[in-house]
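Asker: Okay, here's what each chain looks like letter by letter:
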Amino acid sequence: MIHAALGPFGDAIEFIFKERESQAGTVRVGGLGEIWDFTSTHLLLSFTATLIATAIALPLGIWLGHIGRFQFLATSISNIGRAVPALGLIVFFIAFLGVGFTNVCAALVLLAIPPILTNAYVGVRGVDPETVDAARGVGLTGTEIATRVELPLALPTIMNGIRIALVSVIATATIAPLANVDTLGRPIISPNVYGTAGQLGSCIVVALVTLGADGAFAALQRAVTPKGLKVGQRPKARRFALKFPIPTRSTT
Amino acid sequence: MSGLAVTPVLAQLSDDFFGDRQGAADRCPGNNELCPGWIVDNFTDYLNPLWEHVLLSVIPLAIGFVLATGLAMLAHRYPKLAPPFLAFVSILFTIPSIAFYLILINVTGRGFATAVVALTAYTQVLIFRNVLTGLREVPQGTVEAAQGMGMSSRQILFGVELPMALPTIFAGLRIAASSTVGIAGFAFFAGAGGLGQSIFADPRFRGNVVAASVLMILLAAALELAVLAVQRALTPWQRAVSR
Chain G
1 MIHAALGPFG DAIEFIFKER ESQAGTVRVG GLGEIWDFTS THLLLSFTAT
51 LIATAIALPL GIWLGHIGRF QFLATSISNI GRAVPALGLI VFFIAFLGVG
101 FTNVCAALVL LAIPPILTNA YVGVRGVDPE TVDAARGVGL TGTEIATRVE
151 LPLALPTIMN GIRIALVSVI ATATIAPLAN VDTLGRPIIS PNVYGTAGQL
201 GSCIVVALVT LGADGAFAAL QRAVTPKGLK VGQRPKARRF ALKFPIPTRS
251 TT
Chain V
1 MSGLAVTPVL AQLSDDFFGD RQGAADRCPG NNELCPGWIV DNFTDYLNPL
51 WEHVLLSVIP LAIGFVLATG LAMLAHRYPK LAPPFLAFVS ILFTIPSIAF
101 YLILINVTGR GFATAVVALT AYTQVLIFRN VLTGLREVPQ GTVEAAQGMG
151 MSSRQILFGV ELPMALPTIF AGLRIAASST VGIAGFAFFA GAGGLGQSIF
201 ADPRFRGNVV AASVLMILLA AALELAVLAV QRALTPWQRA VSR
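Chains as they are written, first to last, in our numbering: chain G, 1 to 252; chain V, 1 to 243.
Rather than coming from a laboratory, the hints here were simulated on the basis of the structure. Since the model is a prediction, treat every value here as computed from it, not as a measurement. Among these hints, one or two may not hold up.
Stated by the list, open to error - Covered stretches of chain V, going by a simulated chain G footprint (3 or more residues, C-beta under 8 angstroms):
{"hint": "1", "segment": "49-57"}
{"hint": "2", "segment": "101-107"}
{"hint": "3", "segment": "207-216"}
{"hint": "4", "segment": "220-233"}
Claimed, not checked - Label pairs and their computed distance ranges (CB to CB):
{"hint": "5", "chain 1": "G", "residue 1": "Leu208", "chain 2": "V", "residue 2": "Ile63", "range": "24 to 34 angstroms"}
{"hint": "6", "chain 1": "G", "residue 1": "Gly10", "chain 2": "V", "residue 2": "Trp237", "range": "54 to 64 angstroms"}
{"hint": "7", "chain 1": "V", "residue 1": "Val230", "chain 2": "G", "residue 2": "Val193", "range": "43 to 53 angstroms"}
Glycine included, C-beta positions come from ideal geometry on N, C-alpha and C.
From just these sequences and the hints, can you work out the full model?
Answerer: Structure representation (structure tokens):
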């Protein structure tokens, strides 16, 4: 009864929880089992790509920010990253390198690098120069300044970059089935098998997974923010500014 | 609009989803090569999707800019409004666009208008955040000087605060421009066409992928440059100082 009232959404929700015949009636589709398979592939792909991108972009961004040179490089990577559409990037990899988990993962890594790199660079560059001078004054070496002063102070901005990257990777992993990787996008791009209910059901799951990952990451972000910064965040205006840094102004 | 005339795109799409691999080989002899010649010969096929894509980018940007700027001015006046609005548009922005389009067509129907609604929603967080930050970063002393000259709060907003916030506002608009071009790549899920549809029609044919993707990148770059040009024209004092 409730399903009928919800129209297409009721049917879609039923698809998530209950197995049914495929459109052609040849296989069983939907149900929590299959949705879980899709979800785990989706998350595995997304986390792998984000992790690799972080391992590449984070040290590079921190280093570039620390030495304070090559701003041109950081700016260009962020500008190019913005202009290249996610769809084009994925399909480009499929057309030129072929299908499969590795190829689509590599494309997602490229997608995730710019926000992580830019935010690491901006975060480290945004550390108060007087703080760095003070650290130098008490005898810290360059490496110590980078890891023990700049990194903790830049952490909220850095985490924000990784969060942006993770969210956009999860969103883009929806088209991974084009490369034969069965993420939650499978029912979305194969409605001839899964029906419109499967398509809509998957969309709902993708949206919830993305929001869940974003929320979990926000909690993590709060947990790792150094105490000293949290105190500074207390005034309303400042909290606003720190929570939503605008990398654009210092990078362009 | 041309997008409205597009009938169930996705329904057709599913049948020839990986489309026409046979056809690609015909069009592009020597296996699946890049075929610059094929791109040149068939370039006119991309003009209509390109035009759809231009509309899908420019219209949401224009609507989104007016809406977000108005809301940001309100939030500047009544600071309590900012956090809930920002939280709302941030959540919207987090939802993957494909899911957003497909959920929305069940509410507002398939077509150009639905895609514009979704794309406008996506511009909000980027523009609103920057307009508000720009307004808040105007030095207190400047505002006080304007008050001392006897300007009303409306005069201060339009004559002092907004002009001084322009660089930040335009930075947001520029990001919104390129991200809208990218998200509009999926607008065919809402039945609104665009270059994304060209890509999806034959995603394994290199000539097709390169032609459509390059057009999308060029469009994003062109829009960013256009925004930059408008910014330069509107803020002549910036040039005088920084160059």
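Asker: All the hints need checking, so say for each whether the structure fits it.
Answerer: Right, here's what the structure says about each hint:
1. 49-57: violated (count 0)
2. 101-107: Our answer is that it holds, as 3 residues pass the Cβ test (under 8 angstroms) against chain G, meeting three.
3. 207-216: Holds: 5 residues of the segment 207-216 of chain V have a Cβ under 8 angstroms from chain G.
4. 220-233: holds (count 3)
5. G/Leu208 <-> V/Ile63: 24 to 34 angstroms: 28 angstroms, holds
6. G/Gly10 <-> V/Trp237: 54 to 64 angstroms: 58 angstroms, holds
7. V/Val230 <-> G/Val193: 43 to 53 angstroms: 47 angstroms, holds
Hint 1 alone, counting from the list given before, is not met by this structure.
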